[in-house]
Each structure stands twice: as structure tokens, then as C-alpha cells.
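Please model the complete structure; the sequences and the hints are all you need to start from.
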Amino acid sequence: MSELHGAEAVVLVGGKGTRLRPLTLSAPKPMLPTAGVPFLTHLLSRIREAGMTHVVLGTSYKAEVFQEHFGDGSALGLELEYVVEDVPLDTAGAIRNVAHKLRERDVVVFNGDILSGVDLRAVVDTHRKTEADVTLHLVRVDDPRRFGCVPTDDDGRVTAFLEKTENPPTDQINAGCYVFRREVIEAIPAGRPVSVERETFPGLLAAGARVQGYVDASYWLDLGTPAAFVQGSADLVRGIAPTAALALQGDAVVLDGAEVDESAVVTGGATIGANCTVAAGAVVDGSVLFDGAVVGEGARVERSVLGANSLVQAGAVVSDAVIGDNAVVGARCELINGARVWPGVVLPEGGVRFSADV
Numbered sequence: 029m030s031e032l033h034g035a036e037a038v039v040l041v042g043g044k045g046t047r048l049r050p051l052t053l054s055a056p057k058p059m060l061p062t063a064g065v066p067f068l069t070h071l072l073s074r075i076r077e078a079g080m081t082h083v084v085l086g087t088s089y090k091a092e093v094f095q096e097h098f099g100d101g102s103a104l105g106l107e108l109e110y111v112v113e114d115v116p117l118d119t120a121g122a123i124r125n126v127a128h129k130l131r132e133r134d135v136v137v138f139n140g141d142i143l144s145g146v147d148l149r150a151v152v153d154t155h156r157k158t159e160a161d162v163t164l165h166l167v168r169v170d171d172p173r174r175f176g177c178v179p180t181d182d183d184g185r186v187t188a189f190l191e192k193t194e195n196p197p198t199d200q201i202n203a204g205c206y207v208f209r210r211e212v213i214e215a216i217p218a219g220r221p222v223s224v225e226r227e228t229f230p231g232l233l234a235a236g237a238r239v240q241g242y243v244d245a246s247y248w249l250d251l252g253t254p255a256a257f258v259q260g261s262a263d264l265v266r267g268i269a270p271t272a273a274l275a276l277q278g279d280a281v282v283l284d285g286a287e288v289d290e291s292a293v294v295t296g297g298a299t300i301g302a303n304c305t306v307a308a309g310a311v312v313d314g315s316v317l318f319d320g321a322v323v324g325e326g327a328r329v330e331r332s333v334l335g336a337n338s339l340v341q342a343g344a345v346v347s348d349a350v351i352g353d354n355a356v357v358g359a360r361c362e363l364i365n366g367a368r369v370w371p372g373v374v375l376p377e378g379g380v381r382f383s384a385d386v
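Okay, so the sequence shown: first residue is 29 according to the working numbering, each after it adds one.
It cannot be assumed that every hint is accurate.
[Said to hold, decoys possible] With a straight-line cut-off of 25 angstroms between C-alpha atoms, the simulated DSS-like cross-links for lysine-lysine are:
#1 Lys129 - Lys90
#2 Lys129 - Lys44
#3 Lys192 - Lys44
In short, the hints are calculated from the structure, not lab data.
Please read all numbers here as calculations on a predicted model, not as lab measurements.
This is the structure in C-alpha cells:
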């Protein structure tokens, strides 16, 4: 892909990922394995594919983990730099905090937990053609009540930023990807928390700046909850969500050293991590198994995440649940509908059930 001149990327990866606990107790959300690689790898691969090479990561929670894994970015064809946020600065504050590393005219900013298929070059082209101060990627969603809405006029200019409301006037929402002119970033107040939605963008509108919307209906998913995380991983595996980090797409990914019994069923975009074991008669459907997880004979794991070195014993059912690292789900246990087991917890055989029968 040809270079996208005059543009660079900022990825905000400072969040604690509290909605994904206990998975994020041991790793920041963007580093959780998704379709076999840290989630951030997929986003970085798409930034590189769009022709940008200079990327600044705004980190905070477990900041060192990013640098340890990605280093200078050369393995991905990128030049990566890191800026650590000592105190939480909110979205605009975090963007302002990396300003001293920026050097291009246009800066494409990403929330580090969004899985999106937007055409990044088209967003930058729109920004340049309209001579906008800031351009926002907006997506249309079926139920905009859960999000802040962003209406636009006939020219695509943003007219307002509306908080969550029961009767949204538009189905367009802020998709967590922006293009800023660098001077706009440098004008954000430094050293204090600043919100893009509540302060920066409304302030630009009030000052008569051009805030442009780029609206599309591409794939879009916020990976903030366990259900969304599992769906995003499965969609990447199956090729529904776009990535330039995976060569193969199919019904499952089985990493090196994993052992899957020939009578087991692994399907639905599941990822079986390195050195996992899936025993005879087990079913793993649309789930993510971190490295070293074990699924016993006849057990069922559906739309769930099994942490590293966790164990689901024979005949257990784990459905729409999260099992922490090194936890044990005893034989014939039944964990469903959002159950979470913290790291290292051992549930005895038949110890947790939803059904009356044993």
C-alpha cells in the first residue's frame, strides 16, 4: 500500500477495561488475545495498510506491557512511540498529552478498543477535501439510544453533540475515530482532564470551526464487554471483521501446540490458544481460549472466554461466561448468562448449577 503522506496515527490505550474483568486484571484490554494475537495488532495492521507508519500510543494502565510486546514497531512496518499518562486525562486530555510526539499535518486518532472496517484513507480524504478542523467517523446503529448522537447537515458538517437520549434525532453515533489538524490538538488545554465529546467538540462548534462527519455503515464493534469481545474475536476469525493481521480465515483458529481431540467440535470462529487441550466429545463454539486452557471430556464452552491455564472439567457447561486465569470449573458445573469466575478460584464438582437436575 502506498504511503499516506502528511498523516500519522494516535491510539488511546490507557483504559483499565473494568467491564472485561477478570480478564483485564492481568493484561490491558487492547493486549487481550483476539483471534490469536493481541487485539491492538489488528488495529495497527489496518493503520499500516492505510499507509501510515508513525504511530503514538497513549498508555496508562499496565503501560509497560505494550512496549514489551511491540517494541519500536518495526516488525509491523511501523515506527511506534509511547507516551505514559500518569493521571487519567480523559479522551482529549490524552490526545493533548502526546502532542509533543506529533509531526504531521493530519493526526488520525483511534480509541484502542474499537473494531472497525472503516476506510481510513477515505476518512482522511474527506477531512482534506472539506478543509475540516476535525473529522469524525460516524456509524449508523440500530439502537442509537445507548450512545451519544451526532447529527450532520446536508454538507456532512456536524451540527451538535447530543448526550444519550430516549428519542435520538439521528441514528449516527461517534465511532471513536477522528482526524485532527495538528494545531487543534495543540490548542487543547494541557495537564488536566478534557473530554472530546463534552468540551473539545462542542467548543469547536461554538467557535465556528469546521467539524466534519464521515458517515458509513461499515463493520463496527466496541469490544468493551465480554459478549462483544467474544463476538469480535469470532468475527475476525471468520473474516466478517476486517484485519490485515491474519492470513487465514475459517471456522476456527488453533494455535501452535494446542491439542484438539478428533471427536471434539471447534466451531463458530473459536480461537484455541497455544498449548490448549480440548478433550474427546467437547464442544467449543464461538469462544476464546487463552494459552494453556483445558476443556475436559464432553464439556461445552459457548461464547465464553477461558483465561490462561484455566480448566473446565468433564461434562461442565460454560455459556456466555468468563473464566479467569488458572481458575477451575469442576465437572458438571453449569455457568451461564454472564457468570464470571475470578483468577485462581476452584469450583468443586457440581458446585455451581443453574438447572435443578444433577
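Violations among the numbered hints, reported as their numbers in ascending order: none
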